[in-house]
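Start from chain A and add chain B according to the hints.
Now for the letters of each chain:
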Amino acid sequence: MLNYAASRIAQTFIVLLVISFIAFLLVANIGDPLTALLSADATVTERMELIARLGLDQPIGTRFLHFLGNLLQGDFGLSYRTQDPVAKLIIERMPATIELAFVSLLITILVGVPAGIYCGVNPHSLFGRFIMLISTAGITLPNFVVGLLLIAVFSVQMGLLPSFGRGTVTNLGFWSTGLLSVSGWRAIILPAATLSTFQVAFVIRMLRTQLMEVGQSEHIRFARARGLSEARIWYVYAIKNTLLPVITMLGLQLGNIIAFSVVSENVFAWPGLGSLFLQSIQAADIPVIAIYLIFVGLVFMVINLVVELLYPLIDARVLRRQS
Amino acid sequence: MTTPLLDVRDLTVTINRDAGVVTALDKVSFFVNPGEVLGIVGESGAGKSITGAAIIDLLVAPLKRTGGTITLAGERLDTLSPKAMRAVRGGRIGFIFQDPMTSLNPVITIGRQLCDTIEAHLKTGGDKAKKMALEWIERVGLPNPDVQFKRYPHQLSGGMRQRIVIALALCANPALVIADEPTTALDVSVQAHILQLMRDLHRESKTSMMLITHDLGVIAKMADRVAVLYAGRVAEISPVGELFNAPRHPYTRGLIRATPMPFANGEVRLDQIPGAMPGLGKTPPGCAFNPRCFKVEGDCRAAVPPLTSRESSAFSCFHPLEKEIA
Chain A
1 MLNYAASRIA
11 QTFIVLLVIS
21 FIAFLLVANI
31 GDPLTALLSA
41 DATVTERMEL
51 IARLGLDQPI
61 GTRFLHFLGN
71 LLQGDFGLSY
81 RTQDPVAKLI
91 IERMPATIEL
101 AFVSLLITIL
111 VGVPAGIYCG
121 VNPHSLFGRF
131 IMLISTAGIT
141 LPNFVVGLLL
151 IAVFSVQMGL
161 LPSFGRGTVT
171 NLGFWSTGLL
181 SVSGWRAIIL
191 PAATLSTFQV
201 AFVIRMLRTQ
211 LMEVGQSEHI
221 RFARARGLSE
231 ARIWYVYAIK
241 NTLLPVITML
251 GLQLGNIIAF
261 SVVSENVFAW
271 PGLGSLFLQS
281 IQAADIPVIA
291 IYLIFVGLVF
301 MVINLVVELL
311 YPLIDARVLR
321 RQS
Chain B
1001 MTTPLLDVRD
1011 LTVTINRDAG
1021 VVTALDKVSF
1031 FVNPGEVLGI
1041 VGESGAGKSI
1051 TGAAIIDLLV
1061 APLKRTGGTI
1071 TLAGERLDTL
1081 SPKAMRAVRG
1091 GRIGFIFQDP
1101 MTSLNPVITI
1111 GRQLCDTIEA
1121 HLKTGGDKAK
1131 KMALEWIERV
1141 GLPNPDVQFK
1151 RYPHQLSGGM
1161 RQRIVIALAL
1171 CANPALVIAD
1181 EPTTALDVSV
1191 QAHILQLMRD
1201 LHRESKTSMM
1211 LITHDLGVIA
1221 KMADRVAVLY
1231 AGRVAEISPV
1241 GELFNAPRHP
1251 YTRGLIRATP
1261 MPFANGEVRL
1271 DQIPGAMPGL
1281 GKTPPGCAFN
1291 PRCFKVEGDC
1301 RAAVPPLTSR
1311 ESSAFSCFHP
1321 LEKEIA
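Those sequence lines, one after another, are chains A and B. Using this note's numbering, you'd call the opening residue of the first sequence number 1 and step up by one each time. Using this note's numbering, you'd call the opening residue of the second sequence number 1001 and step up by one each time.
Next comes chain A alone, as it looks inside the complex:
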């Protein structure tokens, strides 16, 4: 188990290092920080001074190490666009995105998992087929279309829910949350629903396929031949066999939700990292883009790590495959 954990953690660090290097290359090679930072009438001396100060005359390896060192000390550089520290921008925007992702994941688990299990256990039932039909729509409709449809129906037509913003936000010092106010909850419903549409449909389809496959397996037939109740066969014996891929998927989906909330955030004017990313792209704000890249990589790697560390608890065979 310790070996397993150590090898997973080591892998995570290697991948993060690679991502940081790519992000660094982005900062180092795209755009010219000198034009961004120097005034138009700067002298050659000023220019040389700045090059020396920024370390641009150093070899690329040294500069990467310097970049890494700064990252580790929390110095993420300055935004070209606002001249603010990138760290401050990210920290400001992060709570909105994390809360959105959290509520989306909650919807995915509360809706997708039961519906998927129902469809897997009763694949030929009328209701099961109906769910599958709906989920096809969820898979195929692009995110922004779902968002616009929801706005059209619930905000414009029925006037039930707000179509933009986070509602009333409470500042807890280290974290600004919208989940402590009614208007905050009302505001998060539509974007979270939009963001989770694909995930819900995906989880339903995956659980169904997995369960149908496990349902055919010999050990389920043997369980039936021993007279175990259908409930125990499906909800314990079969489902335990589908947990591994499902948890992997849910983990990756959470990463996806955080990383790719760009579209939904834009549709709902949600003040999260996704909108920050879009603004940065429009302004060619390379340092922010680079840090955002590293952040997304970090999120994926950490979620992946947690999921992989959960594996052996679900299926002890994972440890054996290691050795």
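A few of these clues could be false.
Said to hold, decoys possible - Derived SDA-like pairs (lysine to any residue); straight-line CA-CA distance at most 25 angstroms: (1) Lys1150/B with Tyr235/A; (2) Lys1295/B with Asp1026/B; (3) Lys1064/B with Ser217/A; (4) Lys1150/B with Asp1099/B; (5) Lys240/A with Leu1156/B; (6) Lys240/A with His1154/B; (7) Lys88/A with Ile98/A; (8) Lys1206/B with Ser1312/B; (9) Lys1064/B with Gln216/A; (10) Lys1128/B with Arg1112/B; (11) Lys1064/B with Arg221/A; (12) Lys88/A with Gly74/A; (13) Lys1150/B with Asp315/A; (14) Lys1150/B with Ile314/A; (15) Lys1130/B with Tyr235/A; (16) Lys1150/B with Ile1108/B; (17) Lys1083/B with Ser217/A; (18) Lys240/A with Gly1111/B; (19) Lys1064/B with Gly1091/B; (20) Lys1083/B with Arg221/A; (21) Lys1150/B with Ala316/A; (22) Lys240/A with Arg1112/B; (23) Lys1083/B with Val236/A; (24) Lys1064/B with Gly215/A.
Hints are computed from structural coordinates only; laboratory data are not their basis.
Same frame as chain A, but now just chain B:
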């Protein structure tokens, strides 16, 4: 004559295919006496496993039981509700599966699987079920039951797993055990151990057994009587001694002669039956064996020979072998 424990009459199973309905089992009849081991032999595709699965209603679509009666200790099984059938499965009829590598749930401990089965049938639970599970792990010959109880199937060898499969089939004390090729997936050396275990357990518990196999060696070691299936029909049912020494159906003799058996003088006799068993839905009119039979006559092609009893045997043949010939 004793009342049989299991009485199967005219069991018919069909396969619904797009092209039409195909018969997989055609009016199969046999019985198993209390305490007896009935061997079921035949080539692959003869319908052995389907027979076993049909008895406990474990057929998988497109297979479907369409006719016949199944009676266990005087009670009809073919008309039971699914819920009542569940109590029969595992409780009154245990089923030993073929492949120990795939028939145990990989993510549930041995102990949990045993306890669940015990709790499903015997009115017991908790520590008592656990105690019984531990006893069964010991009875099937695994060392350190406490350790095995907490282990997962992948931590056991194939032979150990098959012992657990046997424990799972027997742990609710069924009156009848159906063993579907219980040793086929195992190494030869392990096969002998598993057969010995099954023989010991059968002797201790006096359960009846239906032993499905294509291995005549296993039959010779284990069975009291033997039913020979051919193309979904019963060819012959005889006591094991007569089956080997004086088979009545030409197919039975062919099957026995196709098995390598060394004689005292060191000579090995090995004959082949010409041709191959007809595939599903390709059964010729009349006796299914007639294209391959050396005693075939006109009537064999005209009608299906009914299962007729003579002395201790029963066979479906118009021109049975006489005892002297074999």
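Cross-check of the supplied hints:
With a CA separation close to 21 angstroms, the supplied pair Lys1150/B and Tyr235/A stays within the 25 angstroms bound. Between Lys1295/B and Asp1026/B the alpha-carbon distance is near 23 angstroms, which keeps this suggested pair within the 25 angstroms criterion. As the CA atoms of Lys1064/B and Ser217/A are separated by approximately 19 angstroms, the hinted pair is consistent with the 25 angstroms bound. At most 25 angstroms may separate the alpha-carbon atoms for a hinted pair to count; Lys1150/B and Asp1099/B meet this at roughly 22 angstroms.
Of the pairs offered as hints, the one joining Lys240/A and Leu1156/B holds, with about 20 angstroms between alpha carbons and a cut-off of 25 angstroms not exceeded. This hinted pair checks out: Lys240/A and His1154/B have alpha carbons roughly 15 angstroms apart, not beyond 25 angstroms. Among the hinted pairs, Lys88/A with Ile98/A is consistent with the structure: their alpha-carbon atoms are about 16 angstroms apart, no more than 25 angstroms. The suggested pairing of Lys1206/B with Ser1312/B holds, with an alpha-carbon distance near 23 angstroms, which does not exceed 25 angstroms.
Pair hint Lys1064/B plus Gln216/A holds up; C-alpha atoms about 17 angstroms apart against a cutoff of 25 angstroms. For the hint pairing Lys1128/B with Arg1112/B, the CA-to-CA distance comes to about 13 angstroms; that is within 25 angstroms, so the pair holds. Between Lys1064/B and Arg221/A, the direct Cα distance comes to roughly 16 angstroms. Compliance with the 25 angstroms bound is thereby established for this hinted pair. About 10 angstroms separates the Cα atoms of Lys88/A and Gly74/A, which keeps this hinted pair within 25 angstroms; it holds.
Distance hint between Lys1150/B and Asp315/A is fulfilled; the C-alpha atoms sit about 13 angstroms from each other, no more than 25 angstroms. Annotation: proposed proximity of Lys1150/B to Ile314/A holds, straight-line Cα distance about 14 angstroms (limit 25 angstroms). Simply put, Lys1130/B and Tyr235/A have alpha-carbon atoms about 22 angstroms apart, close enough for the 25 angstroms limit, and the pair holds. A hinted pair counts as satisfied when its Cα atoms are at most 25 angstroms apart, and Lys1150/B with Ile1108/B qualifies at roughly 9 angstroms.
Using a Cα cut-off of 25 angstroms, the hinted pair Lys1083/B and Ser217/A holds, with the two alpha carbons roughly 22 angstroms apart. Using a Cα cut-off of 25 angstroms, the hinted pair Lys240/A and Gly1111/B holds, with the two alpha carbons roughly 16 angstroms apart. Distance hint between Lys1064/B and Gly1091/B is fulfilled; the C-alpha atoms sit about 23 angstroms from each other, no more than 25 angstroms. Among the hinted pairs, Lys1083/B with Arg221/A is consistent with the structure: their alpha-carbon atoms are about 16 angstroms apart, no more than 25 angstroms.
Distance check on the hinted pair: Lys1150/B and Ala316/A sit about 12 angstroms apart at the alpha-carbon level, within 25 angstroms; holds. With a C-alpha separation of about 13 angstroms, the suggested pairing of Lys240/A with Arg1112/B holds against the 25 angstroms cut-off. Between Lys1083/B and Val236/A, the direct Cα distance comes to roughly 19 angstroms. Compliance with the 25 angstroms bound is thereby established for this hinted pair. Between the alpha carbons of Lys1064/B and Gly215/A the distance comes to roughly 18 angstroms, so the proposed pair stays at or under 25 angstroms and holds.
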